[in-house]
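Asker: Listed in order, the protein sequences are those of chains A and B.
Residue 327 in my numbering sits at position 327 of the first sequence, with consecutive numbering throughout.
Residue 121 in my numbering sits at position 121 of the second sequence, with consecutive numbering throughout.
Honestly, the hints are just simulated from the structure, not real lab data.
One or more of the hints may lead you astray.
To be verified - Not the full set, but computed from the structure, chain B residues with beta-carbon under 7 Å of chain A:
1) Leu-17
2) Ile-19
3) Val-26
4) Leu-142
5) Val-154
6) Leu-158
Cβ atoms here follow ideal geometry from the backbone N, Cα and C, with glycine treated the same way.
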Amino acid sequence: MTAVSAPAGVARVPSPLALAWRRYRKSRLGVVGGWMLLILYLVTLFSPFLAPYSVTTQHEAFSYQAPQAVHMVHKGKLSRPFVYGVKQGRDPVTFARTNVIDRENPVYISLFVRGEPYRMLGIPATVHLFGVPEGQFFFPLGTDLLGRDLLSRMLVGGQVSLTVGVLGVVISFGIGIVMGGLSGYYGGRTDDIIQRVVEVLLSFPRLPILLAISVLVPARWPSTWVYAGIVAVLAMIGWASVARVVRGQVLAARQLEYVAAAQALGVRDLRVILRHVIPNLSSFLIVSATLALPGYIIGESTLSFLGVGIKEPMTSWGLLLKEANNFETLAGRPWLLAPGLLIFLSVLAFNFFGDALRDAADTQSR
Amino acid sequence: MLTYTLRRLLGMIPTILIISVVCFAVIKLQPGNFTDQYLEDPRFTRATADAIRRQLGLDQPAAVQYLRWLWGVVSRFDFGYSFFQNRPVTSVIGELLGWTVLISGLTLLVSWLVAVPLGIYTAFNRNGLGAQIANFFGYIGLAVPDFLASLLLVAFVLSLGGTNVGGILSSKYIDAPWSWPKVLDLLNHLWIPVIAIGLEGVAGLMRQMRASMLDVLTQDYVRTAKAKGLTQQKVIWRHAVRNAINPMISLAGLSLPALISGTIVASIVLNLPTIGPMLYTSLLNKDQYMALTLLMMSAVLLLLGNLLSDLLLAWSDPRVRYS
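I would like the entire structure built from these sequences, with the hints used as guidance.
Answerer: Put into structure tokens, the structure is as follows:
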């Protein structure tokens, strides 16, 4: 097909997609949300490189080490960024082990340091973005009970927290589209059965049924299986509402001429649904998938927080927050709350982005 | 209306039966049963564990256990026995019901009182500074899950040197008779769960109210009302808000199941004596009748909430007819 050039004097009509893009760009929060998401996912992708330590390395001497501040001035002189090292000491009264900040010896932070080996995207490597000389330690956000670096665990934990949502949404929308499509397209007996199932699934408040099903994931499973199990649990509950909406849309789309035309041409039913009916709903589906994602992120983090979600040695933001769940920690070790910031930011970003997408896809109210 | 309600209630029965079968199946899918924990205890012999299992009826096939439970419920309102609590399920729930209703009722009330006016305000002053701030807080409210909000509030109170966190009363008031200081102490404890649980609801409701307000404001009858010279007050309250509130009223019914499910996480974090954590512990301990009853309760509340929402909508909006 050759492109037809627009006749001179007639302004080119932008495509609907270009118009939508233009509307999206107008939403300041939406653009901010988009950038936040891009950064969050890039950071997660490169997290083993960005993290100073491995997720499981236990620094026994540094149990509940507080975050170490980065300084630039040592004894009145400006220098490159450094942290003060930590010396082991004993409390003179209680003899409890305490970590004393050693103000004499600055430990300089350098970039691209060799450290613990890791695999990123399948490539083995040992270089970390930043670090301190061997024998010294630097925990930017402190450590947990076992002396594991919190920043590293947060960064790598994103691999679970940020992918559970996407996988869960993809699977539940996949099931929901097919089920809702079949239900709306065929009607009759198929419709009755599917709608009954949907009705039962929708008759549960989300959290109780999520809890009930996720305790079925055996604790003995390796953590990757548990991860898959949690995704499956979230998707299993999530598809019902998608199916219900898709059914309604398909019922309406079935009346349209081009669907009748496709049927008249003898196109197979599933193909009619997937190629002719669903694309018509694509913008609606993309928007609702984006807006559904935060629910999955919060769902996973809630389950992990309650101890029925992701299991060690994998980690996720909810699981990290579980360690903050006692009043002693909240009073004395508030840095363990830091993973909450990432949950907050990612849900916020998805909501910004999703709202902007919805407004961009909405051609009626302008 | 009565016949409509009755028909809907009767129509619920098969759904409830299916749900109870599904719930019981899900609970039973967990491998093992309640008495397994005794096998790891050296003080129990296998014979003792078996005897307890027989006593609790756990040696019967699952179908028999379910039917017995169902018969108990139907014939004498007996929801079974909580193995973990060593008491009938109904007495455990009855004990916690008061606090649960108080906490979630208060939370619902507060979040509606805050969210609806805010929604109206932000719809009218869409580009004002106040509305922008309110919108931003709305986004924040949606992005902080309730367990995180609870943790942050507790950390905040503790860092200020406060001690009124966790539980619902200070220890000295627990068995004391009701008095003003005790009520104040209760309120001093309650504000944390109310904010933690209500945050998300406020944000969501505010957005709903704003959206429905904005819908109404572009309608012809609002323009007509303005054109015939009604005061601004009258246009807002009699014409705009009166119609915009209808979808909100139907939402009120839908918040009924939050009575149980809304408090689960916050109550676990804050040690509150509500039904929510009971569901969690009963699931983990394979306390099957307790878990089954609580799951059923939350499902039934949701179904009743749907019905209530339809009834409320029909009551508030004369255009809606029963069908």
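Asker: Give a verdict on every hint.
Answerer: Results of checking the hints against the structure:
1. For Leu-17 (chain B), the suggested interface contact is broken, since its CB lies about 10 Å from the closest CB of chain A, more than 7 Å.
2. Here the hint on Ile-19 (chain B) is kept, as its CB sits about 6 Å from the closest CB of chain A, short of 7 Å.
3. A hinted interface residue such as Val-26 (chain B) counts as satisfied when its beta carbon comes closer than 7 Å to some beta carbon of chain A; here the least separation is about 5 Å, so the hint holds.
4. Below 7 Å, beta-carbon pairs count as interface contacts, and Leu-142 (chain B) has one with chain A at about 6 Å; its hint therefore holds.
5. Nearest Cβ of chain A to the Cβ of Val-154 (chain B): about 5 Å, under the 7 Å cut. The hint holds.
6. Annotation: Leu-158 (chain B) was flagged as interfacial toward chain A, and the flag holds, the nearest CB pair being 4 Å apart, inside 7 Å.
Hint violations for this structure: number 1 only, all remaining hints satisfied.
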